[in-house]
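Enquirer: Residue numbers (full-length UniProt numbering), protein chains in the order written: chain A, 1 to 271; chain B, 1 to 341.
Some hints could be false.
[Said to hold, decoys possible] Straight-line Cα separation of at most 20 Å, EDC-like style, residue types lysine to aspartate or glutamate; simulated pairs:
no.: 1; chain 1: A; residue 1: K91; chain 2: B; residue 2: E103
no.: 2; chain 1: B; residue 1: K68; chain 2: B; residue 2: E87
no.: 3; chain 1: A; residue 1: K92; chain 2: B; residue 2: E103
no.: 4; chain 1: B; residue 1: K68; chain 2: B; residue 2: D39
It is worth saying that the hints were derived from the structure and are not from the lab.
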Amino acid sequence: MKVPYVLADAAVVAKRNIIKIKRVPDLLVFTTLSPIMFVLLFAYVFGGAINVGGSAASSQAYREFLIAGIFAQTVIFGATITGAGLAEDVKKGVIDRFRSLPMAPSAVLTGRTLSDVVNNIIVLVVMSLTGLLVGWRIHGTFWEAAAGYGLLLVFAYAISWIMAWIGMLVPSPEVVNNASFIVIFPLTFVANTFVPLETLPAALQPFAEWNPVSAVTQAARELFGNIPPGTPAPTAWPLLHPEVYTLIWTVVTLAVFIPIANAQYRRSTSR
Amino acid sequence: MIYATGASRQEVGAPPVIQARGLAKRYGKVVALDGVDLDVPAGTVLGLLGPNGAGKTTIVRILATLLKADEGMATVAGIDVRDDPREVRRHIGLSGQYAAVDEYLTGFENLDMIGRLYHLGRKHSRNRARELLAQFDLEDAGDRPTRTYSGGMRRRLDLAGALVAHPPVLFLDEPTTGLDPRGRIQMWEVIRTLVAEGVTLLLTTQYLEEADILADEIVVIDHGKAIARGTADQLKLQVGGERLEVTIRDRARLTDAEQLMAGLGSSPQNDLERRILAVSADGVATLSAALHAFEDAGIELDDVGLRRPTLDDAFLALTGRTTEEIDAAKDATGTKGQVER
C-alpha cells in the first residue's frame, strides 16, 4: 500500500472520530472536568500540606508546581479514549466494516491516535485556562512553552498507542477503562506529578525517578519556568535530562507498540 | 476503481464466483466449521440456512477475509482469500449481522467515509453517498446522526455501505434478523433489485421463507457442516410435503389420535399436550380425510390445518432435532456465542 493512501485513509478515520467529539461533547466535558477537579482539590485542599522548594515556599508556588503534573496526568487519561473507542468499534462491528474495505489496515489505529492528539490539544487549552485562573503562569519564553506543550503531546501520542493495543486486546470498552486504570494510577501518582520526589518513600524513589511521567512533568515544569525556587537539583539521569529521556521513551514506545497494536488489529476481530 | 454493476457476469461454464473447499475452523476445542464446500455461480444467490451457532457467520467471515480458515481454501472473484485478501476486498461488499454504522455520524457521513476509504475521491464519494441514500429511501434522514434511525433504516444504511463501490460480490449476514415484517419485506425488495442487476450474492438466514424467496440454491448448515443442499423445492422434497396439524380437545385421547394420524400421514409426532403433527402426503385430500377420520373415531378437534414446512421441520427431518433443541444444547455448553461471533 502506498504511503499517501495510509495517510489519506488515516485522515478519513481521524475525521470520523473528530466528528464524534463534536457530536458527543459530554465525552470532552468529562475528560476535562475531572482534571479541573484535581486542580482545585490539590491547589486548595492538599496544597497547603505539601511543601515545594525552600523556605520561601507558598501555596502559589505549589500551584505553579502542580499544573505541569496535572497536564501530564490529563493527557494520559485522555489516551484511554483511544482504547475504549476502539474496543467499542470492535463490539459494534465498525472494525469489521473497516477490515472488509481495501483501505490501508494501519489507517484505523493511526487515524484514532491522531484524532486523540486533537482531543488532547483541546483538553490542554481548557486545562491551561483553568491553571491561569488558579494563579499558574508561564515564566519561560514562548518557544520554551511551545516545546513544553509539544513534549506533552508526543508523550501522550505514545500512550495512545499503548491504549490502542489494549483496546484491540480486550473484549469491551469497560474492561479497557478498568485495565488502563491499573496501569495509569501508579504511573501518574508514583511520580513528581503532585508532590516533590524527595517526599516519596526511599523505596519508591528509583521507580519515580525513572517513571516517564516524572520526566515529562519535569520537562514541562522546566520549560514553563515552574520549578519552585530553592528546589534541590535532581540527581537521577532521567530528571537531569527530562526532555531527552521523554523523547527516548516516546520513540521506543512507538517503535514497540505501533507494530504490536497493528498486528493485534489484524487479529482482533479474527475470532 | 469502480466496478460497473454486473461486469463480473461470466460465461456459462466459467468457474464459480465464490468457491470454497473443505473450509474448517475451530476455536480451542469448539469446532465452528468442519469441512464446508460451496460454489456460487456468477449472478446467482446462495442462501446459507441454519440455526444460531451453526457456522454461517464463520463462513461469511472467512470469505470476506475477516477470518483465516484453519484448513481448506476459498476463492472470491477468482482470487484466493488467503493469498491476497486486499484484492478480494476490492471485489466484495459485506453487510453484517450487526449493522456496522457509526451512530454518531449522519447517514451521509457514513457512506461518504466508506467511499473515501475505497479511494473513490472526494467528489465521487459524495455523489455516490447521495445516490445511495436516495436509492435506499434515506434521503430525508441522510443528514441526521444514525442513532436516531430505526432498526430497518440502520440495516438499509449498512447495506448501502456495502454497495458504495459497486462490488460484484455481496455477502449479507442475516440481513433481516431483528427487523419487523415491513422492514423485512423492504429489505427483500432491495436485495432482489441488486440480484436483478447481476450481483453474485451469498446470504445467511435463519428463515426458510427468506431463503426460499431470495436464494437460487440453499445450503443447510448445522454443526459446521453442510447437511443438505439444493433448490428450495428440492429441500422441501427432502423435508417432506405439507404438515397436517391437529389439536384435539381431550388430552386423554392423544394416543388414539396419534394412531389415527399415522394412517393419514407419515412420522406423526405429538407435543405431549393436545397437538399432533404429521407429514401430509396429499395436501387438501389428507385434510379432508382427517376431518372424516376424527369424526368417525369420535375425537373432538379444537383446530386442524395444513401448513408449509418451516425451518424447524426441515431441521427435524434433516437432523432429527428441532432448532430449539440445537439452541438449548449450545447454550448448555456455552459455545453458542463463541461460534457465532
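Enquirer: Does each hint hold? Answer for all of them.
Expert: The hints, checked one at a time:
{"no.": "1", "hint": "K91/A to E103/B", "verdict": "13 Å, holds"}
{"no.": "2", "hint": "K68/B to E87/B", "verdict": "15 Å, holds"}
{"no.": "3", "hint": "K92/A to E103/B", "verdict": "10 Å, holds"}
{"no.": "4", "hint": "K68/B to D39/B", "verdict": "19 Å, holds"}
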